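All chains should be modelled from the sequences, with the hints used to inform the complete structure.
Chain order of the listed sequences is A and Z. Just so you know, my numbering puts 439 at position 412 of the first sequence, and the rest follows in order with no gaps. Just so you know, my numbering puts 251 at position 224 of the second sequence, and the rest follows in order with no gaps.
Among the hints, a few may not be true.
Chain copies aren't distinguished; within one or between two, either way the pair holds.
Subject to a maximum C-alpha distance of 25 Å in a straight line, what follows is the list of computed SDA-like cross-link-like pairs (lysine to any residue) [what the hints assert, rightly or not]:
no.	residue 1	residue 2
1	K203	E217
2	K504	Q467
3	K503	S367
4	K203	D259
5	K203	A258
6	K203	T239
7	K504	S412
8	K203	N255
In case anyone wonders, no lab produced these hints; they're calculated from the structure. Since this is a predicted model, take the numbers as computed values, not measurements.
Protein chains: 2
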Amino acid sequence: MRDEAPEGAPRLGDMPPEEFRRYAHEAVDWVADFLANVETYPVFPSVRPGDVTSRIPPTPPASPEPMDALLDDFRSIIVPGMNHWNHPAFFGYFSVSASGPGIIGELLASALNVNAMVWRSAPAAAELEDVATDWLRQLLGLPDGFEGVINDTASSSTMYALAAAREATWPEAHAKGLFGLAPGRVYASEHAHSSVEKGVLTIGLGQDGYRTIETDETFAMNPVALENAIADDVRAGLRPCAIVATLGTTSTASMDPIGPIVEIARRHDVWLHVDGAYGGPAAMLPEAAPWFAGWEQADSIVVNPHKWLFTPIDCSVLFCRRPDVLRQAFSIVPEYLRSSEQAESRSLMDYGVSLGRRFRALKLWFVMRYFGQEGLVERLRDHLSMASSFADAVRAEDGWEVMAPVDLGLVTFRCTLGETPEDQDRINHEIMDAVNASGQAFLIHTVLNGRVVLRLAIGNINTTQSHVMATWALLKKIANDFR
Amino acid sequence: MRDEAPEGAPRLGDMPPEEFRRYAHEAVDWVADFLANVETYPVFPSVRPGDVTSRIPPTPPASPEPMDALLDDFRSIIVPGMNHWNHPAFFGYFSVSASGPGIIGELLASALNVNAMVWRSAPAAAELEDVATDWLRQLLGLPDGFEGVINDTASSSTMYALAAAREATWPEAHAKGLFGLAPGRVYASEHAHSSVEKGVLTIGLGQDGYRTIETDETFAMNPVALENAIADDVRAGLRPCAIVATLGTTSTASMDPIGPIVEIARRHDVWLHVDGAYGGPAAMLPEAAPWFAGWEQADSIVVNPHKWLFTPIDCSVLFCRRPDVLRQAFSIVPEYLRSSEQAESRSLMDYGVSLGRRFRALKLWFVMRYFGQEGLVERLRDHLSMASSFADAVRAEDGWEVMAPVDLGLVTFRCTLGETPEDQDRINHEIMDAVNASGQAFLIHTVLNGRVVLRLAIGNINTTQSHVMATWALLKKIANDFR
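Following this line, the structure appears as structure tokens:
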């Protein structure tokens, strides 16, 4: 250990282990208090852009600072400037959870600090990534043959899937690039996540390489429109490259009709990627089975345990039924990464862009074991039930309406006060801002059919009916000021 | 809190806070003991592919399991199957460090569990990413105007930089894709990291879109060869898209001559990306300044604090001097991510593929503050000095040779025993395997000029001269068996 440096000499090495022990315990106590008292924090802080920055020196310190100062600043500058995603009244974006077992898994993984790019670089981490993703596959009811790999985000997972689709569509592009080839297209509903378009741009197909398909009155993809779009494009000399079906869109959690989409994908021999980043975990519920029937025929599926499976950010699982194609898109093995175990083990680096790979499997494994299949199912079911009750309450109230079917944990709704549509939009924006300014709950908006709509996304593990109903009471109270 | 569920009813919600407190303290004690006693662990475990998996049930548990069981399995199955990157005698790949302040930063960030894709989604995390990357910019001596953003890995950072280069080279590709355009190329030395070729494939240029440039006897890019390659390609109708210069290659830590490369890039109006993922932190040392002179004229630079700046994995900083082009390559703002603060704050989601964004800035901020500029410089300098002493010892020993200049913390060397080159290769492989099997140190090999070479990468924060010299003694002892 470096503790016994001679007096006056610069001490090298890390923080001494006993100092680490003391401050890490202090940090754990802060976290435990935070988790116990999170409801005493405003969900959204009262800060404006630049407020946090103005409290931090513009230049780095020349000399070491004591850990006490760092923790003090964390508590006094960082925490009060934070939007609290781990608050049970956080209903914005998709509500997520850092559960206790997940946080403990992250702590242990950060100390091991391994990089599981190949088996040899971190044997237990590489194998646990196989095991944990296979467990998740089984929980989701997906058949053998889907290989899972953990990425940072669904945006990366979807981009990797699209790169595999490109490899399948234009095998010659692996050598020559897309230059000189007949152009092609990726199809997704007009409610698909922006990451699909970003993935299309990233892999070089351009904006013209992305065609959105109209949705029905439930905001789900219209398969007839998909079929027509593909047929039109084929007639025009375009190559269909991939279809992305979404199970749980971001605006309304709508579910694209997977059965008819699978048939279209097979008929045109097009890669089918399913974006179940948010909605995927619902496949664990028997009552949700109809929505997922057929997804086992997709070529790739992304499901994010860091969204609706209580795992701290980041943890996005890409399942692929044609892993050979995915690997072909990405596999390059330089000499310094060759090792004798490569025939007997997967090299996780071959499944995407990122070579470095945190030990994310540990937290996912802890979450699946601590809650168990039954515990996970109960919690998801509870979220569906809360969403359903909230929607019922909105429907029953004069001056409010629910804007989309409530299939999962997300309710889209709006206040109908206001003379003109523009007034209504403004009032809904103002209601949202007032809720967020209260610090008691956090919501975001979206736009449906050209009109501003509010979203209440239920997904935090500690959210209860009382949080949902208190938010509903707050919404109604604020709206009354506009009457 | 959910603790008081009626008896018999399923308990919903998270692990109760007091249970979290107990087990998180237990985990901290394990981590503190691990850090204090890491040298009692074998660096590389005595496991074969499948050993870890065989000790884990093949199916997930139906019912919840107690946290005790999880921690027991972590200690008895996972840890003994791990290659210990945080061991001071881990000299493989690039040696990295999860320092104490970094681990504590990760712990706090995982509990907050925020997603800093836009300012509104996590104000303090978004602003701290601005501040922390700007502090790092200053430490590295880069001028104002380089905007930093934190990605997971250098592979992602480099791919994003190449996507920006594509945007600058073929602005029309943003709409139309690369289809029908005249092909183009990215240039990097034959010792550049495999992530450059992977990035080229990912963005759709194909293998033909990547041209490697020969290196000189120090394994650094030959700028005359670069100039000739570009001139040849231009004559042949190819568009030069980007040059990637590496400061610290993976095989030998060679430093491409940045001054002449900058001139070539400017003359041909080609995007210059600098891969300083490993070597970049050395820019903090005044004595290393000559290697970096001119890098401030690059268009983009990647530096990984998770490699040689004591920050737990993952933390890769992409600096870009033309952020408008980078944003143009990636910016798509859907309605549900619009907010009124976008004019006053950066939206970090616009700088790459990943939308989700962990609060990685916290650990980087903690590391820079806890060690301070002077502390970081002293530690890097100590690593350089150890590498230099090890190389001197190898050079002084009969039957051994150093294979490349030792500029940073990496020494490439080999044992020269053996009748034929093939014998020598086999013997070096066997020496490496024996070192790794001993559990006392961990090395990997590379190939230089067709011959197997060993690498000793010094970068762990707790590595001392005694670890290095003990490994040298072990190497010599093992080699004696081949005499």
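Against the structure, the hints come out as follows:
1. Taking the closest pair of Cα atoms, K203 and E217 come within 25 Å of each other only across two copies (20 Å); inside a single copy the shortest separation is 32 Å, beyond that limit.
2. For a Cα distance limit of 25 Å, the shortest separation of K504 from Q467 inside one copy, 13 Å, qualifies, whereas the shortest one across copies, 67 Å, does not.
3. Taking the shortest Cα distances, K503 and S367 sit within 25 Å of each other only across copies (24 Å), while inside one copy they are farther apart (65 Å).
4. With identical chains, the CA atoms of K203 and D259 are at most 25 Å apart between copies only, with a shortest distance of 18 Å across copies and 27 Å within one.
5. Taking identical chains as interchangeable, the C-alpha atoms of K203 and A258 lie at most 25 Å apart only when they sit on different chains, with a minimum of 20 Å there against 27 Å within one chain.
6. Within a single copy, K203 and T239 get their C-alpha atoms only as close as 28 Å, which misses the 25 Å cut-off; across copies the closest is 16 Å, which meets it.
7. For the homomeric pair K504 and S412, the shortest alpha-carbon distance inside one copy (24 Å) is at most 25 Å, but the shortest distance between copies (68 Å) is not.
8. Only between protomers do K203 and N255 lie at most 25 Å apart by alpha-carbon distance; the minimum there is 22 Å, versus 31 Å within a single protomer.
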